[in-house]
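Peer 1: Taken in order, these protein sequences are the chains called W and P. So in the numbering used here the end of the first sequence lands on 461, straight run, no missing numbers. So in the numbering used here the end of the second sequence lands on 461, straight run, no missing numbers.
Simulated from the structure, these hints should not be mistaken for laboratory data. All values derive from a computational prediction rather than experimental measurement. Be careful, since some hints might not be right.
The list treats identical chains as interchangeable, and a pair is accepted whether it falls inside one copy or across any two copies.
[Claimed, not checked] Here are the computed lysine-lysine pairs in the DSS-like style, where the Cα-Cα straight-line distance is at most 27 Å:
(1) 459 to 334
(2) 334 to 225
(3) 344 to 334
(4) 396 to 367
(5) 387 to 459
(6) 459 to 165
(7) 351 to 367
(8) 459 to 297
(9) 383 to 297
(10) 334 to 383
(11) 383 to 351
(12) 225 to 387
(13) 387 to 351
There are 2 protein chains.
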Amino acid sequence: MLRIGLDVMGGDFAPESALKGALLAHNAWSDIFSLVLFGQSNIIEPFLDSNPDFSAHCEAVFTEQYIDMAASPVRALTEKPDSSIVKGLEALNAGTIDGFASAGNTGALLAGSVLKLGSIREDIRPCLMGCLPRPEGLDGIMLDVGAIADTKPETLRDLALLGHVYAQTVLGIENPKIGLLSIGEEPEKGNAVTVAGHKLLAEMSKIQFVGNLEGRDIFTDKADVVVTGGFTGNVILKLSEKFYEIAQDLKCADLPFFSRLNYETYGGSPILGVNKPVVVGHGISSPLAIQNMIWLTYDIARTGLCERIFSALKDE
Amino acid sequence: MLRIGLDVMGGDFAPESALKGALLAHNAWSDIFSLVLFGQSNIIEPFLDSNPDFSAHCEAVFTEQYIDMAASPVRALTEKPDSSIVKGLEALNAGTIDGFASAGNTGALLAGSVLKLGSIREDIRPCLMGCLPRPEGLDGIMLDVGAIADTKPETLRDLALLGHVYAQTVLGIENPKIGLLSIGEEPEKGNAVTVAGHKLLAEMSKIQFVGNLEGRDIFTDKADVVVTGGFTGNVILKLSEKFYEIAQDLKCADLPFFSRLNYETYGGSPILGVNKPVVVGHGISSPLAIQNMIWLTYDIARTGLCERIFSALKDE
Numbered sequence: 146m147l148r149i150g151l152d153v154m155g156g157d158f159a160p161e162s163a164l165k166g167a168l169l170a171h172n173a174w175s176d177i178f179s180l181v182l183f184g185q186s187n188i189i190e191p192f193l194d195s196n197p198d199f200s201a202h203c204e205a206v207f208t209e210q211y212i213d214m215a216a217s218p219v220r221a222l223t224e225k226p227d228s229s230i231v232k233g234l235e236a237l238n239a240g241t242i243d244g245f246a247s248a249g250n251t252g253a254l255l256a257g258s259v260l261k262l263g264s265i266r267e268d269i270r271p272c273l274m275g276c277l278p279r280p281e282g283l284d285g286i287m288l289d290v291g292a293i294a295d296t297k298p299e300t301l302r303d304l305a306l307l308g309h310v311y312a313q314t315v316l317g318i319e320n321p322k323i324g325l326l327s328i329g330e331e332p333e334k335g336n337a338v339t340v341a342g343h344k345l346l347a348e349m350s351k352i353q354f355v356g357n358l359e360g361r362d363i364f365t366d367k368a369d370v371v372v373t374g375g376f377t378g379n380v381i382l383k384l385s386e387k388f389y390e391i392a393q394d395l396k397c398a399d400l401p402f403f404s405r406l407n408y409e410t411y412g413g414s415p416i417l418g419v420n421k422p423v424v425v426g427h428g429i430s431s432p433l434a435i436q437n438m439i440w441l442t443y444d445i446a447r448t449g450l451c452e453r454i455f456s457a458l459k460d461e
Numbered sequence: 146m147l148r149i150g151l152d153v154m155g156g157d158f159a160p161e162s163a164l165k166g167a168l169l170a171h172n173a174w175s176d177i178f179s180l181v182l183f184g185q186s187n188i189i190e191p192f193l194d195s196n197p198d199f200s201a202h203c204e205a206v207f208t209e210q211y212i213d214m215a216a217s218p219v220r221a222l223t224e225k226p227d228s229s230i231v232k233g234l235e236a237l238n239a240g241t242i243d244g245f246a247s248a249g250n251t252g253a254l255l256a257g258s259v260l261k262l263g264s265i266r267e268d269i270r271p272c273l274m275g276c277l278p279r280p281e282g283l284d285g286i287m288l289d290v291g292a293i294a295d296t297k298p299e300t301l302r303d304l305a306l307l308g309h310v311y312a313q314t315v316l317g318i319e320n321p322k323i324g325l326l327s328i329g330e331e332p333e334k335g336n337a338v339t340v341a342g343h344k345l346l347a348e349m350s351k352i353q354f355v356g357n358l359e360g361r362d363i364f365t366d367k368a369d370v371v372v373t374g375g376f377t378g379n380v381i382l383k384l385s386e387k388f389y390e391i392a393q394d395l396k397c398a399d400l401p402f403f404s405r406l407n408y409e410t411y412g413g414s415p416i417l418g419v420n421k422p423v424v425v426g427h428g429i430s431s432p433l434a435i436q437n438m439i440w441l442t443y444d445i446a447r448t449g450l451c452e453r454i455f456s457a458l459k460d461e
């Protein structure tokens with residue numbers, strides 16, 4: 146049975162949201178995988194005491210420290226070796242857990258994943274992936290959604306390959322359509338990085354490159370994987386969240402599509418390009434979001450995504 | 146009475162959409178401004194013949210050529226001196242019309258505006274502005290939405306000033322809030338261009354700079370003017386159109402906010418940074434969109450936006 150680690154100290158509403166989310170995950174899937182909680186004993190122990198069934202099925206690793214949501218990532222990693230994030234990533238690297246989920250601090254998780262788990266290939270920069278609901282059909286994905294703010298053409302090529310393998314492995318799409326976000330359909334339209342990136346993607350023999358996408362193509366089935374730099378990707382992700390909020394205010398959030406725009410449905414953003422499964426949740430994660438983040442982490446561990454990415458990069 | 150020029154040959158549904166839109170504008174506002182149509186005589190004359198009241202109040206400039214929506218902009222401008230776009234811009238430069246509106250080709254309008262009207266200051270690159278509905282309060286604006294794909298920090302500063310003057314002059318906001326789109330609230334968050342741009346905007350004494358915005362802040366009142374590069378701005382504009390389409394499919398397009406996401410409400414994107422008022426409409430412009438594009442062009446001419454921008458740049 147796979148073991149999924151959860152950072153109890155991560156997120157704006159930690160530890161309450163994390164603990165409640167862990168309990169939801171336990172109630173739903175305790176026969177499928179088990180949970181390992183990382184956090185302070187004075188928080189975890191009373192919760193386990195009052196939830197004996199949960200307690201019987203889950204483990205805990207007690208850590209004295211935790212990394213604040215606003216902390217400077219690299220400094221925090223050095224200064225807080227006994228934090229839930231550092232201990233969780235170390236356990237993942239040692240193989241005592243199979244995946245690790247945390248609702249932040251995102252920067253510390255990104256930097257820590259490279260430091261503790263290693264990049265899957267030396268020249269690959271880890272990125273964050275986002276799920277994209279589509280009015281018709283299955284979900285698609287978009288990457289990068291915020292890890293790589295300054296993108297080179299080669300970054301776009303790496304993102305295409307990572308997205309291709311994710312769509313195949315986790316989404317089960319045999320021959321995913323890969324699109325490059327730009328501001329015109331023609332290969333020569335876009336900014337300099339995207340125009341150069343288009344050429345690199347067009348040369349990749351292993352992916353089905355469908356060419357440039359425009360903003361209006363993002364939530365359609367024109368592509369299963371939307372490739373873009375972390376600046377634009379992050380703006381789109383946060384704008385989509387805003388649209389969900391507006392739909393809520395207008396009392397139409399329950400409509401199909403809008404309901405799927407809710408970040409809680411997806412739970413989090415996987416870090417792709419490191420050697421083990423790590424998923425970062427939204428800072429404001431609710432218990433439902435935490436529950437779904439745990440499932441996503443399990444799904445990535447179960448399908449052997451990191452090994453598949455490693456192979457794909459080796460064969461490139 | 147101001148005279149607004151309309152390109153009858155521009156847009157995917159030209160000339161029908163343009164002519165119908167002109168008629169709508171005439172019926173609504175013939176006592177406020179007059180229209181000058183630019184296009185082929187075999188198209189315009191029969192329309193005027195069958196609409197005598199309209200015919201009595203509007204003029205026409207007949208052109209033999211027109212620039213195709215897919216044509217290469219710079220080549221088309223050279224090869225088609227007798228096109229509706231070239232003749233319209235020349236009339237605007239000569240002062241026989243006070244503003245010019247066209248639903249495309251966008252590239253030809255941008256390049257032609259610089260060529261025929263001149264940049265408002267030598268080092269200013271013309272940009273496209275987009276209107277942003279906000280669930281609460283008045284509309285805001287975003288720029289650039291597609292003219293400048295590769296942005297320098299200095300571009301962001303120019304965009305901030307252009308947006309500031311537009312918001313004051315056309316929207317009537319006395320002290321508009323200017324925000325810089327990025328991927329984190331802190332000044333040091335973002336890509337290299339945005340981080341450097343933040344410093345330049347913070348040094349501007351004449352604008353009210355409210356700092357970085359995130360994707361979720363775009364449709365809020367956190368800023369009246371959203372400053373961003375043309376790549377990300379264009380993606381956002383087209384993505385917003387897609388959200389309107391989705392709302393239509395879900396039968397909730399009539400809800401407040403969603404209805405205001407409809408591009409037809411705004412009619413077009415002004416070109417800012419050239420010496421005269423030019424507005425570019427969406428390629429798919431409907432008659433309603435054409436009508437509103439004509440109003441927007443009138444509004445910019447009426448308020449003396451270009452003169453105000455010229456003064457603001459001189460005083461900088």
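Peer 1: Look at each hint and say if it fits the structure.
Peer 2: Here's how the hints hold up against the structure:
Taking the shortest Cα distances, residue 459 and residue 334 never come within 27 Å of each other, neither inside one copy (32 Å) nor across copies (34 Å). Taking the closest pair of Cα atoms, residue 334 and residue 225 come within 27 Å of each other only across two copies (23 Å); inside a single copy the shortest separation is 46 Å, beyond that limit. For a Cα distance limit of 27 Å, the shortest separation of residue 344 from residue 334 inside one copy, 12 Å, qualifies, whereas the shortest one across copies, 29 Å, does not. Only between protomers do residue 396 and residue 367 lie at most 27 Å apart by alpha-carbon distance; the minimum there is 23 Å, versus 29 Å within a single protomer.
For the homomeric pair residue 387 and residue 459, neither the shortest alpha-carbon distance inside one copy (39 Å) nor that between copies (38 Å) is at most 27 Å. With identical chains, the CA atoms of residue 459 and residue 165 are never at most 27 Å apart, being 41 Å at best within one copy and 60 Å at best between copies. Only within a single protomer do residue 351 and residue 367 lie at most 27 Å apart by alpha-carbon distance; the minimum there is 18 Å, versus 45 Å between protomers. Taking the closest pair of Cα atoms, residue 459 and residue 297 come within 27 Å of each other only inside a single copy of the chain (21 Å); across copies the shortest separation is 37 Å, beyond that limit.
For the homomeric pair residue 383 and residue 297, the shortest alpha-carbon distances inside one copy (23 Å) and between copies (24 Å) are both at most 27 Å. Taking CA atoms no more than 27 Å apart as the test, residue 334 paired with residue 383 passes in both settings, with 25 Å inside one copy and 15 Å between copies. For the identical chains of this complex, residue 383 and residue 351 are neighbours neither inside a copy (31 Å) nor across copies (30 Å), given an alpha-carbon limit of 27 Å. Taking the shortest Cα distances, residue 225 and residue 387 never come within 27 Å of each other, neither inside one copy (34 Å) nor across copies (45 Å).
In this assembly of identical chains, the alpha carbons of residue 387 and residue 351 never lie at most 27 Å apart, being 36 Å within a copy and 30 Å across copies at closest.
Of the hints listed earlier, those the structure fails to meet are numbers 1, 5, 6, 11, 12 and 13, in rising order.
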